[in-house]
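Engineer: Sequence:
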Amino acid sequence: MSHPHPELSTPAALPKGGLRITPLGGLGEVGRNMTVFEYDDRLLIVDCGVLFPEDSHPGVDLILPDFDAIRDRLDQVEALVLTHGHEDHIGATPYLLRERGDIPLVGSELTLALLGSKLREHRLKETVHHVVKEGDRISFGPFDLEFVAVNHSIPDALAVAIRTGAGMVLHTGDFKMDQLPLDGRITDLRAFARLGEEGVDLFLTDSTNAETPGFTPAEKSITPVIDRVFHESQQRIIVACFASHVHRVQQILDAAYAHERQVAYVGRSMVRNMAIARDLGYLKVPPGVLVDTKDLADLPPERQVLISTGSQGEPMSALSRIAQRNHNFVHIEEGDTVLLASSLIPGNENAVYRVINGLARWGAKVVHKGNALVHVSGHASAGELLYCYNIVKPKNVLPVHGEIRHMRANADLARATGVPNVVVAEDGVVVDLVDGVASVAGKVDCGYVFVDGSSVGDITESDLKDRRILGEEGFISVIVVVDSVTGKVSSGPEIHARGFAEDDSTFDEIKQPICDALDRTVAEGNTDAYQLQQTVRRVVGRWVSNTHRRRPMIIPVVIEA
1 MSHPHPELST
11 PAALPKGGLR
21 ITPLGGLGEV
31 GRNMTVFEYD
41 DRLLIVDCGV
51 LFPEDSHPGV
61 DLILPDFDAI
71 RDRLDQVEAL
81 VLTHGHEDHI
91 GATPYLLRER
101 GDIPLVGSEL
111 TLALLGSKLR
121 EHRLKETVHH
131 VVKEGDRISF
141 GPFDLEFVAV
151 NHSIPDALAV
161 AIRTGAGMVL
171 HTGDFKMDQL
181 PLDGRITDLR
191 AFARLGEEGV
201 DLFLTDSTNA
211 ETPGFTPAEK
221 SITPVIDRVF
231 HESQQRIIVA
241 CFASHVHRVQ
251 QILDAAYAHE
261 RQVAYVGRSM
271 VRNMAIARDL
281 GYLKVPPGVL
291 VDTKDLADLP
301 PERQVLISTG
311 SQGEPMSALS
321 RIAQRNHNFV
331 HIEEGDTVLL
341 ASSLIPGNEN
351 AVYRVINGLA
361 RWGAKVVHKG
371 NALVHVSGHA
381 SAGELLYCYN
391 IVKPKNVLPV
401 HGEIRHMRAN
411 ADLARATGVP
421 NVVVAEDGVV
431 VDLVDGVASV
441 AGKVDCGYVF
451 VDGSSVGDIT
461 ESDLKDRRIL
471 GEEGFISVIV
481 VVDSVTGKVS
491 SGPEIHARGF
501 AEDDSTFDEI
511 KQPICDALDR
521 TVAEGNTDAY
531 QLQQTVRRVV
541 GRWVSNTHRR
551 RPMIIPVVIE
561 A
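Numbering of the sequence shown is given in full-length UniProt numbering, commencing with residue 1 and proceeding in unit increments.
Just so you know, these hints were derived from the structure itself, not from any lab. A few of these clues could be false.
[Claimed, not checked] As a list, the in silico SDA-like pairs of lysine to any residue whose alpha-carbon atoms are at most 25 Å apart: (1) K395 - V434; (2) K511 - Q531; (3) K16 - D144; (4) K365 - A382; (5) K395 - R163; (6) K511 - V434; (7) K125 - R163; (8) K284 - G383.
[Stated by the list, open to error] Per label pair, the in silico range of CB-to-CB distance: (9) R550 - Q179: 55 to 63 Å; (10) A12 - N328: 36 to 44 Å; (11) E333 - H130: 47 to 55 Å; (12) D227 - E333: 21 to 29 Å; (13) R550 - R228: 45 to 53 Å; (14) E126 - Q179: 31 to 39 Å; (15) R73 - V128: 36 to 44 Å; (16) R185 - R303: 31 to 39 Å.
Note that beta-carbon positions come from the ideal geometry of N, C-alpha and C, so glycine has one too.
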């Protein structure tokens, strides 16, 4: 992947007493969050998440940050701090621990518990865990860390203040300022103000909702809508949400209890995460509500509730399989209600609407964000960000977590409140904090690393381009046998096509031009098999483009006999 800032060069050595910030993901995209802080030749990493593939990434399971920028310095990493338990912040951690298995992990109780199950899934040994909570202060090498409670769409989220000799950095992680949170845990603005009084030299702020005016609605505003869905539904209810959205699952359990329904989880990650949340006390399950999926089938439809994964249209998720009617034991019936209790992650729109159409085809009523208030964001809107800037009064701001439009909108908000210096960077753009001023120092390469089955990093952009061509344009194979002595065509060309609408006989008219072109190539003294294959590729490619307006993959094979 080409770097978006070709004008930047590799950064010079970090000035003595300076702090270097290198974002390896999350700046310019929603996901893959990972930021490296360097001070006095020691490194601190904040978050290590994944990005989920789009339609332009056929066959890809996950996209990781590129560790190349720090791969030869992993022994200098003091700790990995995880702000909360969402996949886009913890999902790549197992892959980092494959490179160095003893990196200390720092995070809240729920965050590390969710990560722990993931590490066991990857068959990785438990590394050193430091469970922290709001108000805790702990040091790793030259990094003095203080943790601040923030409200988000998952419990136990934390902001982190990083004190070094270069100054203080305050990293919000993902946050919002819900004043009526379901768990009663609000964003600690008093701590933000206290840190502001001490002096925040660099403020890294969540940009996801910076374009949205006002304040993000409270989670409690959804409760009446969920209650109405339960009241109006005459048959089974299927709820799809993120497998980590404990707050939303709590609302569904409470609604089911109030309407005398019973609930079962569908999807391995949902079962696992909710068991962890319940065991740690973050999820309160009303008595008699939760049952096994197989037992739920014995109840009448009007008493059934299923909570499923797949709110983003993931092809292999439980909801997608339900929509395609190939789930093992859940089959949509006329009159069922499906509640999509999540927002749309950019890039997932087509996949989600495909699932919605599939559910509607079988007669389900689909309630989603487009037709009801069934989800609120977990991110601060513009009004909340302005509030934070005025409380913290940072000297420098670096917007993080969002696409470029979100970060630029966030930068505008910071400038509007009088922040002296705002730096907008993207993945790989290195920012140095020296003498209290943040500035761009250069760039490092940090392209996408693709996970494809058991393969990590073996798939390249070129491979994906080939996959897209195969999927969209098909392929043509051309086999020619040439005399090893004279170079003349002795058999063929034999042409076959797949994913190409025309019959193989369509290619009869191009066979003679292929032979003529090969004769000319041999007459010019080019008898190398590779040169002959390139000749075949050019002739067929030009003909297909001019005749059929297509650009399929062309696979020429020249055999000497």
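Engineer: Next, verify each hint and record whether it holds.
Structural biologist: Cross-check of the supplied hints:
no.: 1; hint: K395 - V434; verdict: holds, 12 Å
no.: 2; hint: K511 - Q531; verdict: holds, 18 Å
no.: 3; hint: K16 - D144; verdict: holds, 18 Å
no.: 4; hint: K365 - A382; verdict: violated, 34 Å
no.: 5; hint: K395 - R163; verdict: holds, 15 Å
no.: 6; hint: K511 - V434; verdict: violated, 67 Å
no.: 7; hint: K125 - R163; verdict: violated, 31 Å
no.: 8; hint: K284 - G383; verdict: violated, 32 Å
no.: 9; hint: R550 - Q179: 55 to 63 Å; verdict: holds, 57 Å
no.: 10; hint: A12 - N328: 36 to 44 Å; verdict: violated, 58 Å
no.: 11; hint: E333 - H130: 47 to 55 Å; verdict: holds, 49 Å
no.: 12; hint: D227 - E333: 21 to 29 Å; verdict: holds, 23 Å
no.: 13; hint: R550 - R228: 45 to 53 Å; verdict: holds, 51 Å
no.: 14; hint: E126 - Q179: 31 to 39 Å; verdict: holds, 38 Å
no.: 15; hint: R73 - V128: 36 to 44 Å; verdict: violated, 19 Å
no.: 16; hint: R185 - R303: 31 to 39 Å; verdict: holds, 33 Å
Violated hints, in rising order: 4, 6, 7, 8, 10 and 15; the structure is consistent with all others.
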